[in-house]
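K.L.:
Chain by chain, the residues run as shown.
2 protein chains.
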Amino acid sequence: MNILVTLDRNYLRPLRVMLGSLFFNNPGAAFHIYLIGDSLTQVDLADLSALCGTRHTLHPLTVPETLFKEAPVVRYYSRAMYYRLLAAQLLPKDLDRILYLDPDILVINPVQPLYETNLGSFLMAAATHSGLFSGISDQVNRMRLDNYEAEAYFNSGVLVMNLAAMRHAVRAEDIYAYAREHADLLILPDQDILNGLYGARILEVDDSLWNYDARKYERYWMTSQGERDMDWVMEHTSILHFCGKNKPWSQGYMGYFAALYKHYQHLLERQ
Amino acid sequence: MNILVTLDRNYLRPLRVMLGSLFFNNPGAAFHIYLIGDSLTQVDLADLSALCGTRHTLHPLTVPETLFKEAPVVRYYSRAMYYRLLAAQLLPKDLDRILYLDPDILVINPVQPLYETNLGSFLMAAATHSGLFSGISDQVNRMRLDNYEAEAYFNSGVLVMNLAAMRHAVRAEDIYAYAREHADLLILPDQDILNGLYGARILEVDDSLWNYDARKYERYWMTSQGERDMDWVMEHTSILHFCGKNKPWSQGYMGYFAALYKHYQHLLERQ
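Quick note, the sequences are listed as chains A and B, same order.
As numbered in my numbering, residues 163 to 433 make up the first sequence, in order.
As numbered in my numbering, residues 163 to 433 make up the second sequence, in order.
There's no promise every hint is true.
To be verified - Across the chosen pairs, the derived CB separations fall in these ranges:
(1) B:Arg333 - A:Gly388: 47 to 55 angstroms
(2) A:Trp411 - B:Asp336: 49 to 57 angstroms
(3) B:Leu350 - A:Arg217: 41 to 49 angstroms
(4) A:Gly388 - B:Glu366: 37 to 45 angstroms
(5) B:Pro272 - A:Leu223: 37 to 45 angstroms
(6) A:Pro275 - B:Pro189: 39 to 47 angstroms
(7) A:Asp346 - B:Pro272: 51 to 59 angstroms
(8) A:Gln274 - B:Asp256: 44 to 52 angstroms
(9) A:Gln387 - B:Asn408: 20 to 28 angstroms
(10) B:Asp256 - A:Gln387: 23 to 31 angstroms
(11) A:Ala212 - B:Arg259: 31 to 39 angstroms
(12) A:Gly190 - B:Pro222: 25 to 33 angstroms
(13) B:Gly215 - A:Glu380: 36 to 44 angstroms
Source of the hints: derived by calculation from the structure; they are not laboratory data.
Remember, predicted model here, so these are calculated numbers, not experimental data.
For each residue, glycine too, the CB sits at the ideal point set by N, CA and C.
Turn these sequences into a full structure, and let the hints guide you.
P.N.:
Dropping the structure here:
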C-alpha cells in the first residue's frame with residue numbers, strides 16, 4: 163500500500179507515532195511511505211528509514227521549485243499547504259492510488275478496506291465531520307467556499323487519492339487562482355481549497371471508521387444511540403484523528419484517548 | 163522471570179490481556195508462567211500455551227487436595243483464595259522468587275526492576291494504596307486485622323515473593339486459624355489475611371510504578387503536585403491495576419485507561 167505524508171520538522175515526532183501505529187496494526191502489510199517535506203535533515207530521514215525497517219520503504223520526494231513559482235502565499239501559510247493538493251503532480255507517474263494521512267493520527271486497526279475503496283471516477287475518498295455538529299455547517303461552508311454542488315465539507319486529514327484521475331483534473335493554476343480569489347475567506351486553506359474546488363468529486367467514507375474525531379467520543383456515542391461505545395471504537399475504528407488545537411503529544415493533554423496515544427508515543431521512543 | 167497467576171475460568175479473558183501486555187512490554191524477557199487454577203479446560207490451557215509462543219513457558223500446577231482439607235470456607239469465597247498465600251508450598255521447590263500478578267492488570271512497561279527488588283529477609287514486596295485515601299484507613303485496618311506491627315495495608319494484586327523465606331514462615335495452619343478467628347471481620351479475605359499475618363514482613367514498593375490504581379489518576383496527579391500526569395504514567399508506570407468492581411473488560415467501562423485497556427484486549431482477540 164502506498165502512503166503519502168507531507169510535513170515539516172515540527173511534526174516529526176507525531177509522524178513517527180502515526181507510522182509506528184500504522185505498521186504495528188497492519189501486520190503482514192508492506193507500505194511504501196512517500197514523504198514530501200522540505201526541512202527534514204539527513205538524520206531525520208535516517209531515523210524514519212530505521213522505523214520502516216526491512217518491511218516498509220521510505221521514499222523521500224524532492225519538490226521542484228518551478229511548480230510553486232505562481233503560488234500565492236495565503237497569510238502565514240507556507241507552500242507546504244499545497245503539497246497534498248498537488249500530490250498527483252509530485253508523485254511518480256506509475257502510482258495510481260495512495261492514502262494520504264495527517265501526522266496527528268493514531269492507526270489502531272487495519273487500513274486495507276479503506277485503501278481498496280472503489281473510487282470509480284471520484285478524485286478521492288474522504289470523511290466529513292459535519293454530522294458531529296462541528297462549528298460551521300455544511301450550508302455556510304457551501305456559501306463561503308462558493309461551491310454549491312458539494313454534498314458536505316470533507317476533512318482533509320485522511321484522503322484516498324485516485325492519482326490517475328487527479329492527474330487529469332487537478333491543476334496547479336486552478337488551485338492558485340482559487341487561493342487568490344478566496345484568500346480572505348479561507349479558514350483552513352488546504353482543506354477549504356480541496357472542498358471548494360473538488361468537493362463534488364469526493365466520495366464520502368464513514369468517519370467513525372476512517373477519520374474518527376478523537377475530541378468527540380460523546381457525540382459519536384450519542385448519535386449512535388450508545389452503539390459506538392469504547393468497545394466498538396477499539397474493535398471497528400481504524401483511524402483516530404486528533405483534530406483541533408490540543409494535540410495528544412502535548413504535556414497535559416487529556417481526553418479519552420490520551421493514555422492510548424501517549425503509550426504508543428512512549429513505545430516508539432522506547433525502541 | 164517467574165510469574166504466578168491464580169485464577170478461575172471467569173478471568174481467562176483478562177488473564178490473556180494481562181499476559182499479552184506483559185510479554186509485549188518486556189521485549190527480550192522470557193517468562194515462566196506458573197498457573198494455579200482449578201477449572202481450566204484443556205482448550206483453555208492450549209489457548210494460554212499458544213499465547214506464550216516459543217519464548218515463554220506455561221506451567222499449569224495441580225493443587226493437592228490434602229493441603230486444603232483443614233481450610234475453612236469464609237462466606238462465599240472458594241479455596242482459590244488461599245492459592246496465592248500458599249504459593250510457596252504449591253510451587254516447585256527449586257524456585258526462589260516469583261512475581262504474583264492479578265489478572266485485572268495491564269503491564270505497560272518492563273517489570274524487571276520490580277522483579278529484582280532486594281528482598282533481604284522480607285517475605286514479599288508489595289505496594290499500598292493507602293496514600294490515596296482509599297476508604298479504610300491504615301489505623302482502622304490495623305485494629306480490624308489485629309496487627310499493630312504492620313506499617314500499612316498492602317494491596318495483594320502485585321507481590322514479589324521470596325519463596326525461600328515464605329517456605330519457612332508461611333504455614334497453612336496459621337492461615338486457616340487466622341481465617342477462622344477473623345471470619346466476620348474480613349472484607350477481602352486473602353488480602354486481609356496477608357496483611358493480618360505477614361504485614362510487618364512485607365517490603366513496600368512504590369505503587370505509582372508497580373501497582374497503579376487505575377481508578378485514581380486524579381489523586382496521583384494531585385498528590386504529586388501535577389508531576390505524575392499522563393506522560394509520566396506512560397513513561398514510568400509498569401503495572402496498571404484495575405482495582406474495584408468496575409472492570410475495564412466490561413461493556414460501558416470508562417475512565418482514563420479504558421481505551422488503552424480495550425485496545426490491548428482487542429489486539430489479543432485479533433491475533
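K.L.:
What hint numbers does the structure not satisfy?
P.N.:
6, 10
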